[in-house]
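J.: Here is how the chains run, residue by residue.
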Amino acid sequence: AQSVTQLGSHVSVSEGALVLLRCNYSSSVPPYLFWYVQYPNQGLQLLLKYTTGATLVKGINGFEAEFKKSETSFHLTKPSAHMSDAAEYFCAVSHGTSYGKLTFGQGTILTVHP
Amino acid sequence: DTAVSQTPKYLVTQMGNDKSIKCEQNLGHDTMYWYKQDSKKFLKIMFSYNNKELIINETVPNRFSPKSPDKAHLNLHINSLELGDSAVYFCASGASGEPDTQYFGPGTRLTVL
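Respectively, the protein sequence lines represent chains A and B. So that you can map any letter, position 58 of the first sequence is 90 in this note's numbering, and since no number is skipped, the others follow by simple counting. So that you can map any letter, position 43 of the second sequence is 91 in this note's numbering, and since no number is skipped, the others follow by simple counting.
None of these hints come from the bench; they were simulated from the model. Careful, some of the hints might be misleading.
Stated by the list, open to error - Sample of chain B residues with no beta-carbon within 12 Å of chain A, all distances over it, derived: (1) G64; (2) I93; (3) E130; (4) T159.
What the hints assert, rightly or not - In silico lysine-lysine, DSS-like type, Cα no more than 30 Å apart, as pairs: (5) K100(A) <-> K88(B); (6) K92(B) <-> K101(A); (7) K100(A) <-> K57(B); (8) K70(B) <-> K115(B); (9) K100(A) <-> K92(B); (10) K90(A) <-> K92(B); (11) K70(B) <-> K119(B); (12) K90(A) <-> K100(B); (13) K92(B) <-> K133(A); (14) K70(B) <-> K90(A); (15) K90(A) <-> K133(A); (16) K81(A) <-> K92(B); (17) K133(A) <-> K88(B); (18) K101(A) <-> K57(B); (19) K81(A) <-> K89(B); (20) K81(A) <-> K100(B); (21) K100(B) <-> K57(B); (22) K90(A) <-> K115(B).
Heads up, the beta-carbon is just placed ideally off N, CA and C, and yes, glycines get one too.
Based on the provided sequences and hints, a complete structural model is requested.
T.: Okay, structure coming up:
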C-alpha cells in the first residue's frame with residue numbers, strides 16, 4: 033500500500049519569501065511522485081513529477097522538488113513567493129506500474145500575503 | 049482547445065434521482081479516470097479505463113457506473129443519488145507511456161439535496 037502525508041494543511045508566507053510545502057510518502061516499491069496545484073474552482077494542474085533519474089526536479093512557475101529516498105520525502109519549494117501562487121497544493125504517489133493509480137495527500141493551502 | 053472537458057460544471061439534484069456526468073479528452077490519451085473530491089478536499093480515485101476496458105474500480109458502490117463509448121470519452125452515471133454523493137468529481141486522462149501523469153478536467157460540483 034502507498035500513502036502520502038502533507039505536513040501542514042495551511043501555510044502562509046509573505047510575497048517574496050521562500051515557499052516550502054512538505055510531503056512524505058510511504059511506498060513498498062520505488063515511487064513516482066507528483067505535485068499538483070488547484071486554483072479555486074478549477075481542476076488540478078501538474079506542477080512537476082519525479083519518476084527516475086535526477087532527484088531534483090523543476091516544474092512550472094518556478095517550483096522545484098527534491099526526492100530524498102532516505103527521508104521518504106518530496107518537499108516542494110519556490111525561492112520567492114508570488115501572489116499568484118496562492119492555491120491548494122497536492123502531493124501524490126504512484127508505483128508507476130498500476131495504470132496511474134495516484135494516491136493523493138490531503139492538500140496544503142498556500143496563502144501569500146502582500 | 050480544452051484538453052479535458054466535463055459537463056455539466058454544476059449539478060444540483062434531489063435524492064433518489066439518476067444523473068450523468070460527461071467527460072471528453074482531446075489529448076489522444078488511452079487511459080481515463082474518475083476521481084471524487086469530498087468536502088474536505090480529499091481526492092480519491094474511483095475508476096480507471098484503458099482503451100475502453102475497466103482497469104481500476106476502487107470499492108465504489110454499484111450505483112456508480114462508468115461508461116466508455118470510445119477512448120476519448122468516459123462518462124459517469126449515478127443511480128439513486130444520496131446526500132453523501134455530494135462532492136466535486138474530476139475526470140482525468142493519461143497516456144499509456146506515462147500512465148501516472150494525469151491531466152485533469154475542471155470538475156463537476158454535484159450537490160444532492
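J.: Hints first: check each against the structure and report whether it holds.
T.: Hint check:
1. With a closest Cβ-Cβ approach of about 28 Å to chain A, G64(B) is found to remain outside the 12 Å limit, as its non-interface label requires.
2. Its beta-carbon lying about 6 Å from the closest one in chain A, I93(B) breaks the requirement of being farther than 12 Å from that chain.
3. Once the 12 Å rule is applied to beta carbons, E130(B) is consistent with being away from chain A; the minimum gap is 23 Å.
4. Under the 12 Å C-beta cut-off, the non-interface status given to T159(B) relative to chain A holds; the minimum distance is some 14 Å.
5. A threshold of 30 Å between alpha carbons decides the hint, and for K100(A) with K88(B) the separation of about 28 Å falls inside it, so the pair holds.
6. Between K92(B) and K101(A) the CA atoms are separated by roughly 25 Å; this keeps the pair inside 30 Å, and the hint holds.
7. About 39 Å separates the Cα atoms of K100(A) and K57(B), which puts this hinted pair outside 30 Å; it is violated.
8. The suggested pairing of K70(B) with K115(B) holds, with an alpha-carbon distance near 9 Å, which does not exceed 30 Å.
9. Simply put, K100(A) and K92(B) have alpha-carbon atoms about 25 Å apart, close enough for the 30 Å limit, and the pair holds.
10. Taking the CA atoms of K90(A) and K92(B), the gap is about 26 Å. The hint holds against a cut of 30 Å.
11. For the hint pairing K70(B) with K119(B), the CA-to-CA distance comes to about 13 Å; that is within 30 Å, so the pair holds.
12. Between the alpha carbons of K90(A) and K100(B) the distance comes to roughly 34 Å, so the proposed pair goes past 30 Å and is violated.
13. A hinted pair counts as satisfied when its Cα atoms are at most 30 Å apart, and K92(B) with K133(A) qualifies at roughly 10 Å.
14. With a C-alpha separation of about 34 Å, the suggested pair K70(B) and K90(A) falls outside the 30 Å cut-off, and the hint is violated.
15. A C-alpha spacing of about 23 Å is found between K90(A) and K133(A), which places the hinted pair at or below 30 Å, so the restraint holds.
16. At roughly 19 Å between alpha-carbon atoms, K81(A) and K92(B) fall within 30 Å of each other, so this suggested pair holds.
17. For the given pair, K133(A) sits about 20 Å from K88(B) by alpha-carbon distance, which is consistent with the 30 Å threshold.
18. Proximity of K101(A) to K57(B) is assessed by CA-CA distance (about 40 Å); at most 30 Å being required, the pair is judged violated.
19. With a C-alpha separation of about 21 Å, the suggested pairing of K81(A) with K89(B) holds against the 30 Å cut-off.
20. Proposed proximity of K81(A) and K100(B) is supported: the alpha carbons are some 26 Å apart, at most 30 Å.
21. Taking the CA atoms of K100(B) and K57(B), the gap is about 24 Å. The hint holds against a cut of 30 Å.
22. A threshold of 30 Å between alpha carbons decides the hint, and for K90(A) with K115(B) the separation of about 37 Å lies outside it, so the pair is violated.
Hint check: violations occur at hints 2, 7, 12, 14, 18 and 22; the rest are consistent with the structure.
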